[in-house]
Structures are given as C-alpha cells and as structure tokens.
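S.K.: Once you've looked at the hints, go ahead and assemble the two chains, each given alone in its own frame, into the complex.
Heads up: the protein sequence lines correspond to chains R and U, in order. Position one of the first sequence corresponds to residue 1 (full-length UniProt numbering), numbered consecutively onward. Position one of the second sequence corresponds to residue 1 (full-length UniProt numbering), numbered consecutively onward.
By construction, these hints were calculated from the structure, which means they are not laboratory data. Please note: incorrect hints may appear among the correct ones.
Selected chain U positions facing chain R (in silico; Cβ < 8 Å) [stated by the list, open to error]:
id : residue
1  : 93
2  : 104
3  : 157
4  : 160
Glycine included, C-beta positions come from ideal geometry on N, C-alpha and C.
Given next are the chains, with one letter for each unit.
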Amino acid sequence: MTTTTPGTAAGSTTAPGAVGTAHTRVEGRDKVTGTARYAGEIPFTELAHGWLVLSTIARGRIRSVDDTTVLAMPGVLTVLHHGNAPRVEGDFTSMIGVPPDPSALLFQHDRVPHVGWPVALVVAETSEQAREAAESLVVHYERETHDVAFRSDHRDDRTNLPTAGDEADVTDKGDMAAELAASPVVVDEEYTTPEEHHTTMEPHAVTARWEDGRLDVVDSNQGTTWVAGELTQLFSLDPASVRVRSEHVGGGFGSKRVRAHQVAAVMAASALERPVRVVLTRRQTFALGGYRSPTAQRLRLGAGTDGRLRALEHDSLNQTSTMDTFVEPSAGATRVMYDAEAHRTANRAVPLDVPTPTFMRAPGEAPGSFALESALDELAERCGIDPIELRVRNEPERGPVSGLPFGSRNLLACFREGAEQFGWAERDPRPGTRREGRWLLGTGTAGASFPSGAVPSTAALTAEPDGSFTTRIAAADIGTGARTALTLVTADALEVPPERVRVRIADSDFGPAMIAGGSMGTRSWAWAVTAAAGELRERLALNADIPPEGITVRSDTTEAIGGLSAKERHSFGAQFAEVAVDTGSGEVRVRRMLGVFAAGRIVNPLTARSQFLGGMTWGLSMALHEEATRDENTGGLVGGDLAGYHIASHADVPSMEAHWVDDPDPDDPVGIKGIGEVGIVGAAAAVANAVWHATGVRHRDLPIRPDRVLSAADGREA
Amino acid sequence: MAPSSSSAVTLRINGETHTLTVDHRTTLLDALRERLDMTGSKKGCDHGQCGACTVLLDGRRTVSCLQLAVAAEGREITTIEGVADGEQLHPVQQAFLERDGYQCGYCTPGQICSAVAMLAEHEAGWPSAVTGDVRPEAAPPPLSDEEIRERMSGNLCRCGAYVSIVRAVSQAAGTETKAANASGVEARDTEARV
Numbered sequence: 001m002t003t004t005t006p007g008t009a010a011g012s013t014t015a016p017g018a019v020g021t022a023h024t025r026v027e028g029r030d031k032v033t034g035t036a037r038y039a040g041e042i043p044f045t046e047l048a049h050g051w052l053v054l055s056t057i058a059r060g061r062i063r064s065v066d067d068t069t070v071l072a073m074p075g076v077l078t079v080l081h082h083g084n085a086p087r088v089e090g091d092f093t094s095m096i097g098v099p100p101d102p103s104a105l106l107f108q109h110d111r112v113p114h115v116g117w118p119v120a121l122v123v124a125e126t127s128e129q130a131r132e133a134a135e136s137l138v139v140h141y142e143r144e145t146h147d148v149a150f151r152s153d154h155r156d157d158r159t160n161l162p163t164a165g166d167e168a169d170v171t172d173k174g175d176m177a178a179e180l181a182a183s184p185v186v187v188d189e190e191y192t193t194p195e196e197h198h199t200t201m202e203p204h205a206v207t208a209r210w211e212d213g214r215l216d217v218v219d220s221n222q223g224t225t226w227v228a229g230e231l232t233q234l235f236s237l238d239p240a241s242v243r244v245r246s247e248h249v250g251g252g253f254g255s256k257r258v259r260a261h262q263v264a265a266v267m268a269a270s271a272l273e274r275p276v277r278v279v280l281t282r283r284q285t286f287a288l289g290g291y292r293s294p295t296a297q298r299l300r301l302g303a304g305t306d307g308r309l310r311a312l313e314h315d316s317l318n319q320t321s322t323m324d325t326f327v328e329p330s331a332g333a334t335r336v337m338y339d340a341e342a343h344r345t346a347n348r349a350v351p352l353d354v355p356t357p358t359f360m361r362a363p364g365e366a367p368g369s370f371a372l373e374s375a376l377d378e379l380a381e382r383c384g385i386d387p388i389e390l391r392v393r394n395e396p397e398r399g400p401v402s403g404l405p406f407g408s409r410n411l412l413a414c415f416r417e418g419a420e421q422f423g424w425a426e427r428d429p430r431p432g433t434r435r436e437g438r439w440l441l442g443t444g445t446a447g448a449s450f451p452s453g454a455v456p457s458t459a460a461l462t463a464e465p466d467g468s469f470t471t472r473i474a475a476a477d478i479g480t481g482a483r484t485a486l487t488l489v490t491a492d493a494l495e496v497p498p499e500r501v502r503v504r505i506a507d508s509d510f511g512p513a514m515i516a517g518g519s520m521g522t523r524s525w526a527w528a529v530t531a532a533a534g535e536l537r538e539r540l541a542l543n544a545d546i547p548p549e550g551i552t553v554r555s556d557t558t559e560a561i562g563g564l565s566a567k568e569r570h571s572f573g574a575q576f577a578e579v580a581v582d583t584g585s586g587e588v589r590v591r592r593m594l595g596v597f598a599a600g601r602i603v604n605p606l607t608a609r610s611q612f613l614g615g616m617t618w619g620l621s622m623a624l625h626e627e628a629t630r631d632e633n634t635g636g637l638v639g640g641d642l643a644g645y646h647i648a649s650h651a652d653v654p655s656m657e658a659h660w661v662d663d664p665d666p667d668d669p670v671g672i673k674g675i676g677e678v679g680i681v682g683a684a685a686a687v688a689n690a691v692w693h694a695t696g697v698r699h700r701d702l703p704i705r706p707d708r709v710l711s712a713a714d715g716r717e718a
Numbered sequence: 001m002a003p004s005s006s007s008a009v010t011l012r013i014n015g016e017t018h019t020l021t022v023d024h025r026t027t028l029l030d031a032l033r034e035r036l037d038m039t040g041s042k043k044g045c046d047h048g049q050c051g052a053c054t055v056l057l058d059g060r061r062t063v064s065c066l067q068l069a070v071a072a073e074g075r076e077i078t079t080i081e082g083v084a085d086g087e088q089l090h091p092v093q094q095a096f097l098e099r100d101g102y103q104c105g106y107c108t109p110g111q112i113c114s115a116v117a118m119l120a121e122h123e124a125g126w127p128s129a130v131t132g133d134v135r136p137e138a139a140p141p142p143l144s145d146e147e148i149r150e151r152m153s154g155n156l157c158r159c160g161a162y163v164s165i166v167r168a169v170s171q172a173a174g175t176e177t178k179a180a181n182a183s184g185v186e187a188r189d190t191e192a193r194v
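Chain U on its own, in the form it takes in the complex (with noise of 0.2 Å):
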C-alpha cells in the first residue's frame, strides 16, 4: 500500500491509549472492532441510520460509523467496554438487565451509550423537540417517557424492545413514573429475579 493512504494514530479509548496504523478509510467504528478487538460497538448500517454504533466523543454521543479514526484522535472517546465501573455495571445497564431493554442485544449497547448521554444532555439543561419550555433560563423539563422517547429516537431496535428501554431509562434516572410501576398483571408478572 501506498505510505500516504495510512497513517499511525494515537486514540484514546475508555482510559487507555491506543497507537495504531489505519487506512486513511477505516472510520472509527471499523478501528474499534476490526483493529482493536473491541466489538461491543455494532455495526447495524454504516450511515448512521441506525444508532447500534453509538459511542461517546468527549461526552457526547456520536455515531462511530461516520466518524473517521484518523479524526477521532484528540478526543476522549467512551465505549460500551468502558461504561461499566469494573464489575459493577452502570446503573443504566443495570436496569436494562432487570427491566428486559433488549431482546437480541445488537442495538443494545448502542441504545445504553445514547442513554448514558442523554441523562447527562436533560441533566445540563439541554431541552428537545417535545419539550414545552425552551428558555435558556427554564429549568430542566420533567424526565417524562415522552421526553425519554423523543432523546433516545436516534437509536433504531428492531425487536421492538422500545416500551422496556424507556422503562430501564427511567429506572436509571431515577424518574420512573408511577403509572408505570402500576400496570397491574405485568408488573406482577415481572417482578424479575436477577
């Protein structure tokens, strides 16, 4: 190959850092899983439809199939291998496990790394497109699974696990409804052993 179709990038991945040589195409997504063994990030379009890729750049959630490897460096970059505090899981994944936020689990890292910034975006302040007041002053809105939907709506799940995620989301935060812990026989159902 031709030297100037690659270069040799640093990146910094859940803490730690990486130094490699990409073909100047590899976008950050194939870097993750085809060079450094790091496949929780899932490939579900490649044109950043779909949200299973979803990774966190400097705290933010970004789509790492459009993102460039080579473009990446510099940046503080946070997978699904690195929400988890060691054993203990995030409360977010924790409460995708209990309330069944997933069924086959290949958008599921994807939708958690979305959530994870999400709660960060509502807790700064940030409103979105169903959010009644919008002032800069206005204080954050109530995290409602209205709200809940609209923010995670980047995130496609086949499987139609949608109703659990928003439920496991909710847990999370700390905001779970009442209306929604009382539905009667499928909560009663559910009561999960974990």
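One chain only, chain R, in its complex shape (with noise of 0.2 Å):
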C-alpha cells in the first residue's frame, strides 16, 4: 500500500527511518558473486575491438603512420589515425564549466605533445589480434626537443589563471611584508608532492555502437549526462540520440570523464557499423587516464609567541601541459582554514610537454592540506604551543577570503572529539624520545577541510501499482554506495521502508544531473529525489488508484540550488597518526590512524566510514608511497605500472578508525554535505608530523621514502 501521510519536516535529523542506519550495499550480492557487470564485461554481437597505439615521442610531429602492413594483418579491420578520422568539434565548456580533456580532441592533427598521446587506433575481430597489429604498427616521428622536468622555480609559469571553479587564482590582502616583518615567530619553507595517479583498480572502458539511429554507449565513467553531452558536442549531434549507461564502475577518484578511447570508440563504432569496445591497458591509463599534477608550494606564516597568525601566505606552483591549463589548487584550503592580517593565496601552473593533469580526490586539498598542516605543525614546534591549542587560537569566524559566515564549522569539535579518543593528552611534544627497540615512535595531527555544494539535478520517482516505488537518476556509483544512499533517502522522503525502493541510476536517458565528484553527487541527487518525493506524496494524496504504468513525476533543483545564500560550506575533519620509523632502514610505518570528520547528515554509517577510511589510507599512500617519476631523457614514465607505482597495501594500513560529530547542513533538504574527499585531506600532513615528532626531522617532501629518512638520520637534508 501506498501511505499517504504527510512526513515529518525535510531536513530534521531526529525522523526516525533509513538515513543515518547502517545498510549493506543494495548491489552488494552482485559484487560478491561476480556477477556485476562493468563496462567492458556487457556481451554484443558482432563486437569488434579497439587497441590505441601510444607515441614514443614526447614532442614532434608525427611523419607518418605505416598501416599498409597491419591492414594485412589477421582480423585487422581499420586502422584509425589522423590522416582519415573524422573531424570533432572541441570549443565547448561541459556542463561541470570545463572544456574537454585534450586527449579527446583525437586524430585531429599530425602534433605530439606528450609521451603516450594517441596516434592511432587498430581495430581487429578479437583483443589478440588487435593488440599485436597495435603493436607492429610502425610510426614514424620528427622529435623535437622537450621538457618534462617540473621545478619550484621553472620561468615559463603563467599566473592569473581561472581555476575550475571560477575561484579568482590570486587572493591578497593586507600588507603582507610588514606582518612578516614585525611577526616574532616566522615559518618560511616550501613543501612539494609529487606526481600522483588515480590507478582505479577497473582500466578504463567502453563499447559504443549505433542503434536504432542513436549512438548507444556502455562506458565506465562518473557521469553519464556529462559523457552524453560531451560526445555530443564532440561529434555535434542531436542530444536525444545519444545514450550513455554505466551501471558499475570500478572506482573513478576524478579520472573517468571522456577521454581518448570513448572517441576512438564512437568514431570506430561509426567507420565499421558495428559495436567497438576500447578498453585501456593499466599502462596506457598511466598515459592517458589524468593525474595530479606535482606541486611546489611556498609557506610563509609569521606569528606571535601566543600563535595567533599576523601573516599567511601560500603560494602553489603545478604543472599543466601544452594543450590546456588545468591548477590544482593547492592554496584554496588556506582560503578557508585560518586568516591572518596579511593573508594571501596564490595558483601557478608552468605548461610542460606531458599529459594534462586532472581533478583526482580532493584536488587542490589533498596537496594544499600537506604543506599548510605542515607549516602549522612548524609553527606550534616554534611557539611551543601544542598543535591542536594552536588551531584553536587561529579558529575564524567568518571566511579569512570572503569575509562570508560559515554554514556550519565544527573543525574544533572533530580536534576535541579526536584528541579524547587518541589520547592526545598523554602526549609529550618533545620530539624524538620515544624507542622501542630499533623504531622511534611519534604521533601527529592536522586539520582537513573541503568544500560542501550541490549542483542542480533532476529525477524520476513512480509509484508502481505493485505499492514499490522506483527512482531514476542518472546518478553512478563509482564505489561510494550512493545507490544504496539514495534508497535511503528515497525511503525516508516517502516514509516507506527501503525495501519497496529500487533505485536504478548511470543512464543519461534518465535526465540530467550531477556527476559523481567533488563530494557533491550524493547532495546533489538526494536532493532532487527529496523534490520529488514530496510531489509524488501530494499526487498520491489525491489519486488512490495507480494506473498500470504507475504514476510518475519529475523534479529540477534548479531554483531551488539557485536560492542558496552565498556562505563558506565545508565539511571539516581532524586527522591523526601514529608512526614507527626505523632510522637504521629509513622504513616508516603507519601504526594507527584516527579521523574525526564534521561532513553533514550521515546517510548510511556502514558505507559512509568505508569513504571516509578509503581517503585516509589515500592519505597514508600520499605521504609514504605514491611517486610517478618521469625520465628526462624519454619525457615518460619510469615504471607506470602497478609494480612501478606503488599505492597502499593490505600491511601498510594498520588499525584506521573513523568518526563523525553531528553536523547537519541546515541549508540542505536531508542535511547533507559530502564526504567523498575530506578523508584523505590532512591525512599526510598528520603522517609528515608524527614522523617529525618521532624522529625530530622534518619532511616537506613527499613521499617519505626510506632514502629520504636515511638521509635525514645521516643529516643530510632531508
């Protein structure tokens, strides 16, 4: 039966139903038996494959491409390159207000930017016979000289740039010199990171084919109304006869937008008339996939004894490539943790011959938190005041840039809450006293903050005669549990019990809505399910009787989105670590970690503290593991690959534990905020800190490699 009764008031955190119970995943069976099917996994008749061919080059132009050969070759099908692919159109802005990656814009002159550019696409009957034409296809280049070598003080850099979110790049005030000047305590060092990739454990994939006249694609990606509109904007189409699914994706962490090989695919689809599947190889993702860009980063801070902060500068330096200009920026999380009479910010990027660098987890905060929960860690060290009290002394009341209130800010109650359970108070803060046997042990903590928002949706609610309901949103679930999240909220908006929900998502025939990224696909979807909902209770209300093919209504949180007060909204978090490090190998371990997030309404504790884990141990592999390093000589990658890159493993991650404090968003229907991201933010400045409270060394350079600590023992610089 369909109940009719009004609910209680939308956004109240004490309605007792769904959100805020731990639920197991809705596709979980499927999950654990194998039988979720991901992109490249979806049976077609008559499917042919794709393998793309990679540059060698770093920069140049290419010759020619040699296919008469390959052409020959069993199975082979076509060669795709630059001399017979069709035109793309690639001057438009996605509806996430980014233009679209380079590498999408594919086979469209003879210019080479980057070691692993695609040149060329062979496409056989199977995968065998596909890659070994891929890989006889000789190509021949005119190479000319490259740069690939990223330093804090490259000349080439262009300031002023717009970031993606129309934030201004440079951010001034006060006089920054005099502060500095009459400052008794002053921190002034520079902080780098290195090259990092996403390495979703799922390759990326596609098959796209033409059906019934409209371009059907079967892709794994983090937003299939953003991947619909780009490829049809790529290959200016009609916007209703294109079809993006991506049921299941096997993790996305910034990295699964259009990219090289759904082009190829599409194009590929189009030359032979049948379905082409393209799916990376783990290497080519290293090449093709995005990555964070490496960052240099200039702290200065100047305080007085008691640590109040007369001045704050953080000025990010990041490589982009030739093609396009993508900051990551880093000085944003000081455009909202602390404030100082002089206080400025600062985003550069210095154009290189590489791929272009692109969003992954927490971009700007991941590397920003590093150096500026670093340099407050300094500054407590120099003060000699504890680093938690010294946050506290720096705690804003309104945003140090805009001057705006914030939603809700309980940074110092995840440091309070965080402290109690970690034992904070035991510790003594003098640093490298502590041994047992070869280890030196030290704990450190840092604070975690990123930006909460929504961005408009729309969705599609039934009531079905049967008395279940059925939600459409063309939402994904890229590993968050938003699916099961979204039955929650479903359930709740209803006053039904989740399991007369069934939520069906990842199809861009669904309508628009936000993708999966910037912590913002949860807040964004549950809040047009919420809009719906409450208009599905008023039909229901009056009309009893449900038609065979239910009653279904839709909603657009345009206006009501675009009614939000202009406010600073974040979630915040507290991070903490306890580290082992023997000076004798240079080996760090990670003994326990804890993390203490203010992130909103908790939809499903059970998978809300599986994100919140996941980006800490994100943080641990940032600060210990995680280096791409590119030869100079060849402008790629030394050892991109699984083995070459090294990401956390099962014994790097000891005991994790994650916690939350309430704190509902009161501007948002269900009280959400986001916590995709704010997990691994602080997690490597805590790990950088208890190395420096364990060891008396200081490291600004990630990741803290043995020869890095070795070094420090010996004292060398570290």
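M.R.: As structure tokens, this is what we get:
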C-alpha cells in the first residue's frame, strides 16, 4: 500500500527512518558473487576490439603512419589516425564548466604533445589480433626538444589563471611584508608533492555502437549526463540521439570522464557500423587517464609568540600540459582554514610537454593541506604551543578571504573528539624521545576541510501499481554507495521501508544529473530525489488508484539550489596518526590512524565509514608510497604500472578508525554535506607531523621514502 | 588464422567442463572473460601486479592473467562464480557483504578468492613473512590481523577498503579479535541491516 500521510519536516535529523542507519549495499550480492558487470564485460554480438597506439616521443610531429602491413594482418578491420579520422568539435565547455580533455580531440592533427599521446587505433575481430597489430604498427616521428622537468623555480609560469570554479587564482589582503617583519615567529618553507595517479582498479573501458539511429555507449564513467553531453558536442549530434550507461564503475577518483578511448570507440563504431570496445591497458591509463600534478608550495607564516597568525601566505605551482591549463588549486585550503592580518594565496601553473593533469581525489586540498598543515605544525613547534591549541587560537569567525559566514564549521569539535579518542593529552611534545627497539615513535595531527556543494539535477520517481517505488536518476555509483544512499533517501522521503524502493542510476536517458565528483554527487542527487518525493506524495494523496504504468513525477532542483544564500560551506575534519620510524632502514610504518569528521548528515554509516577510511588510506599512501617519476630523457614515466607506482597494500594499512560529529547542513533538505574527499585531506600531513615527532626531522617532500629518512638520519637534508 | 596458432582445450571450471578453441596467446583470464562470458574475474593490470584476476587452480590462488589458457588444461579451476554454494554465499562472501569489505567492487572477486585460499593455506600450517615460529613442527600461528594483512597483500584495493576487508576475513575465519569488535562509535554506527 502506498502511504500518503504527510511526513516530518525535511532536514530533521531526529526523524526516524532509513537515513542514518547502517545498510549493506543494495548491489552487494552482485559484487561479492562476481555477477556485477562493468563496462567492458557486457556482451554484444559482432563486437570488434580496438587497441590504441600511443606516441613514443614527448614532442614533435607524426611524419607517417605505415598502416599497410598492419591492415593485412589477421583479423584487422581498420586503422584510424590523424590522416583518416573524422573531424570533431572541441570548442565548448561541459556541464561542469570545463573544456573537454585535450585527449578527446583525437586524431585531429599531427602534433605530439607528450609521451603516450594517442596516434592510432587498430580495430580487429579479437583483442589478441588488435593488440598484436597495434604493437606492430610503425609510426615515424619528427622529434623536437622537450621539457618535462618540473621545478619550483620554472621560469615560464603563467599566473592569474582562472580555476575550475571561477575562483580568483590569486587572493591578497593586508601588508604581507610588514606583518612578516613584525612577527616574532616566522615559518618560511617549501613543500613538494610528486605526480600522483588515480589507478582505479578497473581500467577505463567503453563499448560504442549505433542502435536504431542512436549512439549507444556503455562506459565506465563518473557521470552519464556529462559523458553524453561531451560526446554530443564532439560529434555534433542531436542530444536525444546519444545514450550513455555506466551501471557499475570500478573506481573513478576524478579520472573517469571523456578521454581518448570513448572518442576512438565512437569513431570506429561509426566507420565499421558494428559495436567497438576499447579498453585501456594499465600502462595506458598512466598516459591517458589523467593524474595529479606535482606541486611546489611555499608557505610563509608569521605569528606572535602566542601563535596567533599575523601573516599567512600560500603560493602553489603545478605543471600543466602545452594543450590546456589545469590548475591544481592547492592554496584553496588556506582560503578556508585560517585567517591573518596579511593573507595571500596563489595558484600558478607551468606548461610542460606532459599529459594534462586533472581532478584527483580532493584536488587542491590534498596536496595543499599537506603543506599548510605541516607548516602549522612547524609553527606550533617554534611557538612551543600544542598543535591543537594553535588551531583553537586561529579559528576564524568568517571566511578568511570571502568574509562570508560559515554554513557550519565544526573543526574544533573534531579536534576535541579526536584528541580524546586518540589519547592526545598524554603526548609528550618533545620530538625524538620515544624508542621501542629499533623503532622511534611519534604522533601527529592535522586539520581538514573540503567544499560542500550541490549542483542542479533532475530525478524521476514512480509509484508502481504493486506498492513499490522506482527512482530513476543519472547518478553514478563509483564505489561510494550512492545507489544505496539514494534508496534510503527515497524511502525516508516517501516514508516507506527501503525494501519497497528500487533505485536505477547511471543512464543518461534518465535526465540531467550531477556527476559523482567534488563530493557533491550524493547531496545533489538526494536533493532531486527528495523534491520529487514531495510532489509524488501530494499526487498520491489526491489519487489512490495507480494506473498500470504507475504514477511518475519529475523534479528539477535548478531553482532551489539557485536560491541558496552565499556562505562558506565545507566539511571539516581532524586527522591523527601514530608512526614508527626505523632510522636504520629508513622504513616508516603507520601504526594507527584516527579521523574525526564534521561532514553533514551521514546517510549510511556503514558505507560512509568506508568512504572516510578510503580517503585516509589514500592519505597514508600519499605520505609514504605514491610517486610517479618522469624520465627527463624520454619524457615518459619510469615504471608506469602497478609494480612501479606504489599504492598502499594490505600490509601498509594498520588499525584505522573514522568517526564523525553531528553536523547536519541546515540548508540542505536531507542535511547532507558530502564525504567523498575530506577523508584524504590532512592525512598525509598528520603522518608527516608524526614522523617529525618520532625523529625530530621535518619531511617537506612527499613521499617520505626510506632514502629520505636515511639522509635525514645522516644529518643531510631530508 | 593459421591452424598452428590455436588449439582446442578442455577446461574444468567450477566443476563443469568447457571445451573451446583458443588462440595460443589467450590467457586464462581472457578465456574466462571473453570466451566463456565469466566476467567475475577482473582485469586490473594484466601483469600479475594487482591480484584482481585471482582464481584458484587446484585450490591454490593464482593470477589468471599470467596463466595461458592452454596451460590450465587438466586443472580444477575455481572462479568467483564458483565460490558460493548455489544461492548460499560462502562465509567469506557473506562477511564482505556485512562488513562492507569493498567499495567499487572491482578488486572484490580477487580479494574473495584470495581470502578463501589463504584461509586454507593458514589452516594447513603455512607460515607467512610475519609468522614468528616457522619451524615445520610449529602449530599454525593465530590468524591475527597482522597475519591477514600480510597474507592478503597480493590483492590491491584502490578504494582503500583494506580495514574492512581484514575485518571481513577475520569474521569469516571465526577469529575476529575483541579489539576489532569493540571500537566504540564505529561498531555502534555500522551495525548493519542485511
């Protein structure tokens, strides 16, 4: 039976219901039995296999592609390259306000802008045939001198670049020189983070075909609306003639958008008039999947002996490609976390002959918080003040740059709760004084923040004749638990048990919706679902009879979200870490980590905890393991695969806990803020600060490799 | 295609016999995924670096991307599709579900196959790199979290679900530690409805 009783006020955190109660994933059984099918696993008759050929030079032009021999090889159907590919249209911005990734403008010219640039696609009957032919394809190049060496003093940097969020790239207030000169305590240090890669466990995969006059794309991506929109623009198609689906996605972290492989598959499917699948190899994902730029960040802090900041400057430089400017907004965190009389932040980028970097879990905040929260720890040390007390003394009342009030800011509650659970009060602040056998022990802490936002989305809710309900929304579940969260949100909004709700996602035919990105997916989608549920309940209250096709209502949150007042809206958190450092071998082991977060209302505690722990695991991995190294001679990566690029494994991840404090967003219908990214923020700084506490040596360059620990122990620079 | 580049092979998979003709270059993983429509085994790297393609060969865990299909003839192959007993999930699968031992799910079949074989290895008394007493006559070491982490380290998970995977494996092994159960807020909050 359909219930039609009016519900409790939206946003109430006390309403009993499904939201706030732990639920296992609705697709969980499919995932543990191997029946959940990912993009490259859905069968199509007449399927052909495409294999991309990537450039071996870092800069120059293609002289010729010798495809004659390859076309004669067994099973080969076609070879696409700049000499025969159709034109695509690249002059547009997508739904999230950014231009297409340069690699999507595939086979449009003979220029080679980096090692691993796609120069051809070989299509064959089987993947083995396609691979052998692709590896046999001879491409002649005209090689030019390249520059892939990222340095903090690189001359050719471009300043005042707009960032993705239209945020001013430089913010500046007060007299920096005067405040620094008047500060009895000054910290002036440079911090660096290396090139880092997403390495989703599922490599990018797509199948494209033409079906009944429509382009039908089965893809692994973070937003079907986004991908359908970009393919529509690139190929100048009617929006109604493009359908993109992405049922299960094996990780995204910012890398799964339109890139070369989807464009290649569409080109080939059009040329051959049959379905074509293109799957990136693991090594290809390192060239074509995007990455987080290395950063060089200078922090200048001036404070009184009481630790109160008078001057705060955060200047960040990252690398971008010669094709497009991607700014890693590392100084953004400083615009939110702390204030000072003189306050300056800048994000700059320098173009090199490298692939275009992109969003990667907590873009800006992840590397930025390492620098900022390490510098705060150094200031605490020099002032002789506890690091948490230092943050208490520098807690701003309003946005340091914007001057806007905070929606809610429970950073100090996170530190208080975390300090109690971690046992911070018993900490001896002196570094290098605790030893357990060959291990030096230390603890560290750091603050975290990440913006909370909502983007207009649409949803359709159907009351079915059998008393069940179906939610349709072009959401994406990239491992976040979105499908389950939206089931709980729908259930509560309709006041029915979740068992009567079926949520269908990841189909662009469901109408426009936000991507899984920017920690804004679940909030944006839940808003649309809640709005539709309200109207559906009104409809059901008027009409008890449900026709065979059900009763469907649609929502669009454009107006509601447009009416939000301007505020500083963020999730916050406090990170704690205990490490053991062997100064004989240089090994650093994290012994335990604790994160306490103020991140809005928690929809599903079971999966939310996984999100937070996942982010913290990324932070540990960033602190100790991850580093992609470019060979200056070839311009390519050294060991661009999962053996050469180290991410944390089971044995690296110790006891780790994530908790949260009550922090519902009063301006969100469900109280959600967003939790996907804040878990990584500050985690690497907490580990680095703990390494200082253990050893007495500051590590300002990530990752904290054994050789760096050994150099530090020898008295050389870390 | 020249006749010498392919062969007919008979594979025993999850108790069933499959006969097919494969290109000699075909790995066991590709034979499963592309030829037999058994896509539960995942391709994460194709180089034996990530563990997502882990299957059991005669009960031993193996990365199927480094195994040619023609070389798997005569072996008992168990994939994720064969781990459950009909509709009844294997205790490891059930524990992954309850403990949220996954996020995107792509490494999950490999993690589960690996855990099933790992528990058998442990029961058979095999030591690991963190085992204290490795004498042949020593009893199997207690299956501590540290032992589980060490033994599962061939299976990468980029979502960072390790903490919950260890909890799940521990639960399935029936050796869940008291500490793991008693972690305050998190245990209260995450008591899941299944």
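S.K.: Restraint: residue 104 of chain U near chain R, CB-CB cut 8 Å. Satisfied or not?
M.R.: Holds, because the Cβ-Cβ distance from residue 104 of chain U to chain R comes to roughly 3 Å (cut-off 8 Å).
S.K.: Does residue 93 of chain U pass the interface check with chain R, least Cβ-Cβ distance below 8 Å?
M.R.: With a minimum Cβ separation of about 4 Å from chain R (threshold 8 Å), the hint on residue 93 of chain U holds.
S.K.: Using Cβ atoms only, decide whether residue 160 of chain U comes closer than 8 Å to chain R, and label the hint accordingly.
M.R.: Holds: closest Cβ of chain R sits about 3 Å from residue 160 of chain U, inside 8 Å.
S.K.: Going by Cβ atoms only, is residue 157 of chain U closer than 8 Å to chain R?
M.R.: Residue 157 of chain U check passes; min Cβ-Cβ to chain R is 7 Å, inside 8 Å.
Every hint, counting from the list given before, is met by this structure.
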